[in-house]
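There are 2 protein chains.
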Amino acid sequence: MASHPPHPFDPISPPEIVLATKILEAAFPRVPLRYKKIDVQEPLKREVVPYIEAERLGQPLPARPSRLLQVLFHRQDTGAFFKALLNAGTKSVISAKELPKEIQGPVDSDELIEIEQLCLSHPAVQAEVAKLQLPAGVTVCNDPWIYGTDDPEETRRLFQCYMYIVATDHPQNNHYSVPCKFSPVFNAITRELVRMDYLPSGVDATTTDTQPWKPVKTIQYAHDLLDEPLRTDLKPYIVQQPEGPSFRVQDNVVTWQKWRFHVGSNSREGLVIYNLTYDGRNVFYRLSVSEMTVPYGDPRAPFHRKQAFDVGDVGFGITANQLALGCDCLGHIKYFDGYRTDSKGTPVLLKNIICLHEQDNGLQHKHTNYRSGAATVVRNRQLVIQMICTVANYEYIFAFIFDQAANIELEVRATGILSTVPFDNEKPGTTVPWGTNVGPGVMAPYHQHMFSFRMDPAVDGHKNTVYYEDSVPLPDDDNNPYLVGYTTEQTVLRTSGSADTSIPRHRVFKIRNDACINPITYKPVAYKLQTSPSQMLLASPKSYGAKRAGFATKPIWVTKYQDDELYAGGEFTNQSKQSEGLDKWVLRNDAVENEDLVLWHTFGLTHNPRIEDFPVMPVERVSVMLKPDGFFTKNPALDVPPSTQAFNKSTLHPEQPCCPVGRGKL
Amino acid sequence: MASHPPHPFDPISPPEIVLATKILEAAFPRVPLRYKKIDVQEPLKREVVPYIEAERLGQPLPARPSRLLQVLFHRQDTGAFFKALLNAGTKSVISAKELPKEIQGPVDSDELIEIEQLCLSHPAVQAEVAKLQLPAGVTVCNDPWIYGTDDPEETRRLFQCYMYIVATDHPQNNHYSVPCKFSPVFNAITRELVRMDYLPSGVDATTTDTQPWKPVKTIQYAHDLLDEPLRTDLKPYIVQQPEGPSFRVQDNVVTWQKWRFHVGSNSREGLVIYNLTYDGRNVFYRLSVSEMTVPYGDPRAPFHRKQAFDVGDVGFGITANQLALGCDCLGHIKYFDGYRTDSKGTPVLLKNIICLHEQDNGLQHKHTNYRSGAATVVRNRQLVIQMICTVANYEYIFAFIFDQAANIELEVRATGILSTVPFDNEKPGTTVPWGTNVGPGVMAPYHQHMFSFRMDPAVDGHKNTVYYEDSVPLPDDDNNPYLVGYTTEQTVLRTSGSADTSIPRHRVFKIRNDACINPITYKPVAYKLQTSPSQMLLASPKSYGAKRAGFATKPIWVTKYQDDELYAGGEFTNQSKQSEGLDKWVLRNDAVENEDLVLWHTFGLTHNPRIEDFPVMPVERVSVMLKPDGFFTKNPALDVPPSTQAFNKSTLHPEQPCCPVGRGKL
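Chains A and B, in that order, are what the protein sequence lines are.
The first sequence maps to residues 1 to 666 in our numbering.
The second sequence maps to residues 1 to 666 in our numbering.
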């Protein structure tokens, strides 16, 4: 490890994980503890801002803010669930609170494996499996699922195990192609079987007893298991940076093309961008994907409980893929590692969970003077910082992309495998109105992926204002005699609340600093949010699905900054009965004009599966952009050098021998 | 030239241009003709389809369809404007019609230069310039503008010249930074000055007489003219394809990764994709950007006439940039040339106006089995075919992007320079509600860019059906006891007409073939259109701006195919009084279910300039996608080889010397 003390934005280190366990073991002598999470606690903003401002301005640094750690754990003697805050500097407990029994912490990696094994070894499950009369070389596996709420009195920690039939001859056999029709529910604390659910597999909610399995043709994604040969006509495409990359990385601080930011990561959100500045000017204090929920549209029990909160229930940090050179990124790659705890409090290395590289994204700007033919051409070099998270069946690729024109993009790609259910679809024409047949005996229900992008702005300072701007026709009056005029209307969000997107009004959201006026436009400096307008949650407002996911009912939210308000769906989402997040916080009606505020954008995909999304889904890409709007006095990328063949070294395609006479000759 | 006869989809060749002039000179003996356009006439679909089907199926080819040429010309003796259709095979005139005098043909390259010179040499203009009392080294230039309609009786061919002050010391001085306050209007046939307009330059419509110019600081984009030094920290990024590209090009036919298409180009639309098949199956007959209009929102005369139809009034083919290796594309590049005529009928080579190359676009699909850790990773290789058009101040980059999962993307990037107007903005706070100050004395008015994407589908055949599908909650009844269920509603467009996009309903448009049922989904094979939902035209329906651009009032249109219905705004848009395009054709109420139909998508940008868009605009990117939806029985990219370091040859970033101890150690 680096020998210097951690920066306030640095991720947790192995010694800090060990320190946390030592502090708690001293606080709970002789009590066996099961650790779910040991991570850094978000530093207090009021302590951090003076520190990073001194860094930015090159001034003497004040004392480092307190380094706080957060631990979620169970007492193994009583089963009670605790949240502790520790001071790493003083090696002391700040607080250790037992949480109410209706609060469930997130699933952790060890727990998932334990439930899987518990399920497979349980006699009742084995009895069901026996009824399948599986042939040799075929077995069952299961995905333990977050148990979505449907009972206000439920306080047990539950998992619903979805079972699949899978051949044992290859580690990538696609079990999602062969879902079983039974699904046990377990209590994760007592390890008891709570109930054996049977799954509807026809066109209605009827279920049947387990019958001997009739083998079906499986739909495989792994290259080894395909029926068809691989394509042979794809030629290598190699990115070379003979002089190295244009970025510099010092510990967790990245500098590239006037950008500077601190790479944070934690077990819940995964990648976090801290303290983002451009050419020494503050832009954003913190950017992250705060929450995500995936509610399913199949109305039948038990599928109605399929509503994962992939951030709050699981965590992008602990599900982040350990990336391999040359597979997940192309070019010159810098990786960042992370650490998590296991259930015993031992640090676990998460190798290469974040990758950083440059990419070329076509042209950035071009103009040709048609009189002289003289052209100015500049390419669009980008810096990409990315993580890929596997949440059971699905993969999500999150990338923050920075460019030389001071744009910031959050790109989300959804891939991986559809969560499937059994469906007796042998008879031609058999379909359901809430899903797509994707293979023999298997159907993929409709669902939504709803993301919350949390933006804590610092546009030339921490006091900002959010407003939206609509484009509207000018009135039909003397000032608009030809009826072609149009203008913009501004609406300031003066108190915490939500807002809608609007395509018909070309609504754009902006974050401005009223204290800094652009000398040319005479308007406050601003960044604009180019939203991804999306259908909001389809579940009825009366459903648990909607009550738990208030953040997914409106695309735009503004709150006044408060420490501890990081997660759009609330701190504890697993088996939550209602949201303790955004929709609650805005009710304070805080003044948010010229304040330290947070802007949140809910966007997503209504994903009615195509059969082409199976057995592994071609990426579905969603993009949200943050762009300077009156932040500069001209295009900030003008000083990017021109695009030239001497620099880019492209290759001209040789003319075909079939055309012996040059096409250019007349 | 290649010795074989042209394919029906081949662009025009120099001998054909010469042939056309010979045929017309024989038909109009001793009449001086001024050629505006000599191009191929779109072949008759009923003749072409049997031919390309025989090609596709490897059957004996029928006779080649007639090769038709289209010529637009003026009789120089009478000024009359003609359209002629010629049969290149029989070397004969099919028709040569004098068009009504209210019809204006598009501007041609020679005409633009002639008007520019006429303007600069006219005594009245020179008298105004004299009043500016320009210092040495500074002169004026002008952009002749399409004269938007404001008078139903106008039949003259007019150009409005917008004048700018420009230094003479560099070919890329940015004249758009210094607009003049006078603007002459010329008759392009008689060469007469029609009127000297004076431009409003305050906060209202008031104009002033020309005054001596007070020099201002210009805002420059060319690298030579910048005040600031260029960035020195951008390192080379080189794409190498040591085994060559994965595409093959034979004449104008491109094959790549199961795709095959014919590259067409013409002077009006520029790039056209013909006869697109995937793995031997028909997908689209023809794809093109059919029209585009740019109406401005400044309500004051004469700015209300700024409404260019960049396709119909000018043409993307004749404004396409002649691309340079290593500047506009990166990697292994194949270029295609084009030809146009000059006003005398001489062929003019348009070198390298279309480029073809591959690109890497991150991951195509990935799944990690979290139990085994085994991952399948496939990268997203794409084929890009692109043209870049300079329409006076603006540049548009149009790319069709094909991928290995059978997706087709139309990507539009807007760049270039804002069309500016003079504005007396010295006094702080001086602004107008329809534009943005972008420099001293210069303002960029709000405007819209409205594109029409024409899709002539052939989804497994030429009889197709368009419908839209909305995602809606299931009713609150016994089948939806938990209120989380949702489903889709389909609406078939049975007769020609228009439709709206809808974000709240997640509306998706699909093109299906009811005669081909997918064996797994039990639904017709289909491609879906992922629209770019956009604000439609802001001009009042009562304005000429809207009457001329009916296509820009609705995002979706479906028409029954007819030869000659290629252009969304009608054939002749220059100074048109009303549209003769989409909005008229749909009134036929043609049956379009299971018919040979055309789908049109209007999308665009409401562009309220940022100051960062000046003096040259960072690309604004818009994307429309066509994706298979039940066209295949599984992900068609499964057979793409895995992403491996052996193939991709990435580079690992070296650890910093400041961190002597590996971060991976605990």
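No lab work stands behind these hints, which were simulated from the structure alone.
Note that the structure is predicted; figures quoted are calculated from it, not measured.
We put the CB at the ideal spot given by N, CA and C, even for glycine.
Heads up, a few of these hints could be off.
[As the list claims (entries may be wrong)] Some chain A residues close to chain B (C-beta under 7 Å, calculated; not the full set):
(1) 44
(2) 54
(3) 304
(4) 376
(5) 542
(6) 571
[What the hints assert, rightly or not] Keeping only pairs whose Cα atoms sit at most 30 Å apart, straight-line, the calculated DSSO-like set for lysine-lysine is:
(7) 528(A) x 577(B)
(8) 577(B) x 649(A)
(9) 577(B) x 235(A)
(10) 101(B) x 577(B)
Status of each hint after checking the structure:
1. 44: For residue 44(A), the interface hint is violated, since the closest Cβ of chain B sits about 27 Å away, which is over 7 Å.
2. 54: Hint on residue 54(A): violated, closest Cβ of chain B at ~21 Å, above 7 Å.
3. 304: Interface hint status for residue 304(A): holds (4 Å vs cutoff 7 Å).
4. 376: Since chain B brings a Cβ to about 5 Å from residue 376(A), closer than 7 Å, the hint holds.
5. 542: holds (5 Å)
6. 571: violated (23 Å)
7. 528(A) x 577(B): Distance of about 38 Å is beyond 30 Å: violated.
8. 577(B) x 649(A): Measuring from Cα to Cα gives roughly 50 Å; hence the hint is violated.
9. 577(B) x 235(A): This hinted pair is violated, its Cα atoms lying about 53 Å apart.
10. 101(B) x 577(B): This hinted pair holds, its Cα atoms lying about 13 Å apart.
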